[in-house]
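Trainee: Turn these sequences into a full structure, and let the hints steer you where they fit.
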Amino acid sequence: MTFASLKVAAALPEIFLAVAACAILLFSAINSSDNRAGRACWFAVAALLITALLVIAGFPAVDAAATTAFNAMFIGDALSALMKVGMCLLCAAAFLYGREYNRARGIATCEYYVLGLFSAAGMLVMASANHLLTLYLGLELMSLCLYALVASARENKLASEAAMKYFVLGALASSILLYGMSLLYGLTGALELPAIRAALVSAADADAVDPALALAVVFIVVALAFKLGAAPFHMWLPDVYHGAPTSTTAFLSAAPKIAAFAVVLRLLADGLGDLTGVWQSMLIILALLSVAVGNFIAIAQHNLKRMLAYSAVSHMGFFLFGIAAGNAAGYSASLFYVLIYAVMSVGAFGAVLCLARDGSEFERLDDLRGLSKRQPRIALLILILMLSMAGIPPTAGFFAKLAVIQALVGAGLVWVAVAAVLLAVVGAFYYLRVIKLMYFDAPADDAMDLAPAIADRPAHVLLAFNALIIIAILPWIGALIALCNAVIAAAV
Amino acid sequence: MNTPLLSILIWLPIIGGVLVLGVGDARGDNNGNGDGNGNGDGNNNGARAALARKLALGLSSAVLLLSVPLYTQFDAGSAAMQFTEHARWIDAFNIHYALGVDGISMPLILLTTLLTVVVVVAGWQVITERVAQYMAAFLIMEGLMVGVFSALDAVLFYLFWEAMLIPMFLIIGIWGGPNRIYATIKFFLYTLLGSLLMLVALLYLYHASGGSFSILDYHRLPLALTPQIFIFLAFFAAFAVKVPMFPVHTWLPDAHVEAPTGGSVILAAVMLKMGGYGFMRFNLPVTPDASRELAWLMITLSLIAVVYIALVALAQRDMKKLIAYSSISHMGFVTLGLFLFNAHGFEGALLQMISHGFISGALFLCVGVLYDRMHSRQLADYGGVATPMPVFAAFMVLFALANAGLPGTSGFVGELLVILGAFQVNAWIAAAAALTLIFGAAYTLWMVKRVVYGAVASDKVAALTDVNRREILFLAVLAALVLLVGVWPAPLLEVMHATLEHLAQHTAASKLP
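Protein chains in written order, with the working numbering: chain A, 1 to 492; chain B, 1 to 513.
Incorrect hints may have been included.
Quick list of in silico lysine-lysine cross-link-like pairs, DSS-like style, CA-CA up to 27 Å [unchecked claim]:
(1) Lys321/B to Lys460/B
(2) Lys373/A to Lys186/B
(3) Lys321/B to Lys436/A
(4) Lys54/B to Lys373/A
(5) Lys186/B to Lys436/A
(6) Lys373/A to Lys436/A
(7) Lys460/B to Lys449/B
Stretches of chain A that chain B covers, calculated by requiring three or more beta carbons in the stretch to come under 8 Å of a beta carbon on chain B [said to hold, decoys possible]:
(8) 176–189
(9) 382–395
Worth flagging that the hints you see were computed from the coordinates, not collected in a lab. Predicted model only: the values in this text are computed from it and were never measured. The beta-carbon is built from N, C-alpha and C at its ideal position, and this holds for glycine as well.
Mentor: Following this line, the structure appears as structure tokens:
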């Protein structure tokens with residue numbers, strides 16, 4: 001085996017990102033200025049943007065055969081490229097939103113951004129995984145950095161508790177995933193996803209599924225549900241979203257969801273793609289439970305971050321509906337959904353960051369009372385984000401839901417679609433309540449406004465862009481859907 | 001003709017509305033600095049509000065004028081879609097930007113553009129808080145409503161249909177009465193529930209038709225009876241809530257009572273019509289067999305609305321609530337007419353929709369005029385209004401009589417046609433429907449008696465000032481239309497005729513494969 005046969009160039013963006021992270025680490029060691037964390041943030045954002053450009057520059061043609069590297073452990077197809085661009089941009093957005101917040105909360109260390117970059121590198125590896133080991137490597141690289149990011153507010157008890165929970169449950173989920181993978185390896189003798197798929201073709205045709213295979217699928221699905229935060233494996237998610245510093249919450253609520261999509265797609269749709277019958281019903285149950293639990297419990301929340309966490313659970317349910325459809329249209333709908341959702345989610349937490357003030361997190365729902373009078377622009381942007389999350393036209397969130405429900409109906413799961421939309425009405429209630437608090441209620445306490453806002457101008461500009469793009473994309477939304485369709489068609 | 005007239009009618013008010021929003025956004029993010037020059041801000045706000053009003057009036061008048069060619073250049077002899085526009089939008093799902101109007105939607109668009117001007121004028125002095133946002137909400141809503149009536153693509157239709165909820169939600173929630181939050185969330189969730197079920201039906205049709213979202217394709221699509229019934233019920237969920245039909249009408253009295261006058265007018269005069277329009281555009285032509293199969297249900301629910309809700313109206317103490325219940329009762333006539341499956345029924349239903357748009361709008365404006373002066377809607381607080389306000393009293397009595405279906409007013413024509421249609425089906429149905437002429441007269445005239453006539457109830461009533469020129473203007477326009485349609489409905493019936501004839505033929509034929 002020669003070095004050239006590894007085709008290292010295929011992983012150029014990942015390599016660049018990892019090197020950039022190391023460089024920032026070095027920079028932090030030799031630079032002693034007070035503002036080095038702030039500069040590290042800009043470097044990190046620049047590194048992510050350059051990575052995104054590298055991915056775009058090497059964007060493979062949609063209909064071209066996928067290139068593999070590192071002995072087919074790594075795949076560079078259009079699907080992975082699309083996901084990588086999304087991940088880089090969303091991570092950069094989360095850094096920009098949180099820059100001033102981190103400084104004000106005393107968690108601005110260069111390591112924060114370095115960990116974030118390594119986590120992003122892990123996500124990129126997941127997007128390109130073509131092998132169970134690569135997949136696991138990427139997943140652990142991402143997750144371990146995320147645990148540390150959650151714990152970055154060391155003085156904060158809630159954050160420490162959240163990090164502990166996240167770590168213990170995340171490690172448990174990883175071990176369950178490993179167990180499922182090992183069973184799969186035992187059954188097929190392969191670790192490469194295409195080889196696993198090939199080995200399972202005969203198993204899929206058999207009348208009765210091999211119990212060991214079913215067990216492997218159950219373990220994998222459960223582990224993925226843990227990682228996604230799908231009910232009933234969602235318990236860690238609200239505590240982590242709530243306890244983590246908001247800047248970290250913004251980070252982990254967006255790009256990792258795309259990475260999670262990558263794992264689900266590569267494992268279920270690709271590796272186990274012929275076993276749809278085995279995992280489809282499991283996913284439908286998980287999805288229905290997630291949408292129901294997420295939406296009903298979100299109504300009872302008084303904290304905006306917790307409410308958004310339960311909303312994330314319900315969105316993961318919708319995302320699973322698409323996968324559960326079990327065909328290319330469904331996978332494509334899920335990809336589209338998760339891209340749109342990640343943009344909305346980073347925007348929503350970005351708005352919380354823009355509202356945060358010295359000495360006040362601004363994360364209780366009551367804090368939003370009368371916001372439209374005090375800060376009409378931010379209120380309008382939150383209005384757009386909430387309507388989009390609720391899936392009300394003319395926002396992009398509506399098209400995401402449309403795509404998923406369309407796939408469900410197309411797969412003959414009409415009653416699941418009906419249940420999904422009925423639960424979406426429940427969900428609309430708590431998004432509307434946010435609008436109600438901002439627009440219909442009188443401001444409760446003006447004292448909050450006296451403390452200066454933390455977020456700087458770039459964060460505000462980014463928030464405006466982030467929210468408006470959700471409506472402004474409308475004339476071109478067809479192109480995005482077509483792109484999702486094309487990359488999925490090429491990948492599975 | 002190549003002018004994209006319908007697109008202009010949709011996007012001019014929407015873009016204009018966003019502009020108005022920009023004009024009036026006087027309070028910036030950094031309001032902490034504004035303490036020192038509070039007076040300057042106040043004047044500035046006043047000037048901006050005046051500008052927003054003028055801009056809104058100019059835009060809505062321009063839209064009204066632009067909508068006139070829809071009538072004058074309309075080919076009444078054709079049942080086909082006219083003024084069509086077509087562009088590809090989302091190829092992945094075969095969604096098109098397709099617009100067009102026929103004899104059903106064209107009059108409703110004119111109704112929309114007319115009433116938006118009326119509402120802008122009606123809110124001129126009354127709305128003093130967040131003026132630009134108020135005007136912008138109505139302008140944006142106007143564009144969206146025109147969009148609903150002219151969309152020929154199911155997703156486009158759905159987009160306008162749901163987007164319309166947002167401005168209405170805000171209008172009721174921001175400028176509404178004391179219980180506005182309960183009312184507006186109820187309104188939103190009720191409508192959303194129905195709409196989402198319709199969305200599933202549309203997606204089912206999309207797959208059944210082999211990947212088309214064209215509403216006209218759905219009209220031609222053969223369907224077995226069972227799917228037809230489920231699709232019918234899903235559409236029913238969306239449109240019955242909007243009409244609203246008994247028993248899903250309970251959001252309407254709440255929403256009307258809490259909404260500001262302009263909101264009530266648009267809600268009653270245009271939004272309720274969307275339910276009837278939906279039945280004519282989706283239920284009847286897409287699922288004709290299911291419609292005939294379930295006609296008994298629709299007729300029963302309509303008659304319950306017509307008779308029972310009229311009795312409920314009789315018991316109201318709040319003027320707005322009374323008119324709201326009267327609206328439900330009158331809309332019962334519309335749904336009744338639609339499911340009789342004859343030309344009289346269809347024509348009566350559509351005419352009743354237009355006429356009810358004028359009359360209910362006018363009655364809500366009358367209540368608004370009184371409310372602005374007395375800040376009460378309770379019947380008990382009024383009495384003898386005719387003495388201090390003779391001109392207003394004349395208008396109010398005219399609209400009340402029209403509401404009761406007096407011959408010579410537009411209210412009579414629609415109801416008569418529906419009752420005639422009902423006679424062709426079953427005399428008992430006709431008899432039950434005709435009861436409303438009695439009940440309707442009872443509750444409206446009793447209201448008029450208690451409000452307008454009698455001894456002057458209190459010093460406050462005695463001190464009332466009569467309607468000013470601005471108020472006379474919009475009441476007179478509506479009064480003229482009520483009388484015109486009542487005496488000479490032919491111009492309206494002519495444009496509807498070919499389309500409704502076609503609809504009657506279409507629904508008579510079976511679509512079973």
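Trainee: Now, for every hint given, state plainly whether the structure supports it.
Mentor: Here's how the hints hold up against the structure:
1. As the CA atoms of lysine 321/B and lysine 460/B are separated by approximately 22 Å, the hinted pair is consistent with the 27 Å bound.
2. Distance hint between lysine 373/A and lysine 186/B is fulfilled; the C-alpha atoms sit about 24 Å from each other, no more than 27 Å.
3. Distance check on the hinted pair: lysine 321/B and lysine 436/A sit about 24 Å apart at the alpha-carbon level, within 27 Å; holds.
4. Proposed proximity of lysine 54/B and lysine 373/A is supported: the alpha carbons are some 24 Å apart, at most 27 Å.
5. Taken as a hint, the lysine 186/B and lysine 436/A pair is honoured in the structure, with Cα atoms around 12 Å apart against an allowance of 27 Å.
6. Pair hint lysine 373/A plus lysine 436/A holds up; C-alpha atoms about 13 Å apart against a cutoff of 27 Å.
7. Restraint check for lysine 460/B and lysine 449/B: satisfied, since their Cα atoms lie roughly 18 Å apart, inside the 27 Å limit.
8. Beta-carbon proximity to chain B at under 8 Å applies to 0 residues in the segment 176–189 of chain A; the threshold of 3 is not reached and the given coverage is violated.
9. With a cut-off of 8 Å between beta carbons, the segment 382–395 of chain A has 4 residues touching chain B; three or more are needed, and the interface restraint holds.
Going through the hint list in order, the structure does not satisfy hint 8, though it satisfies all others.
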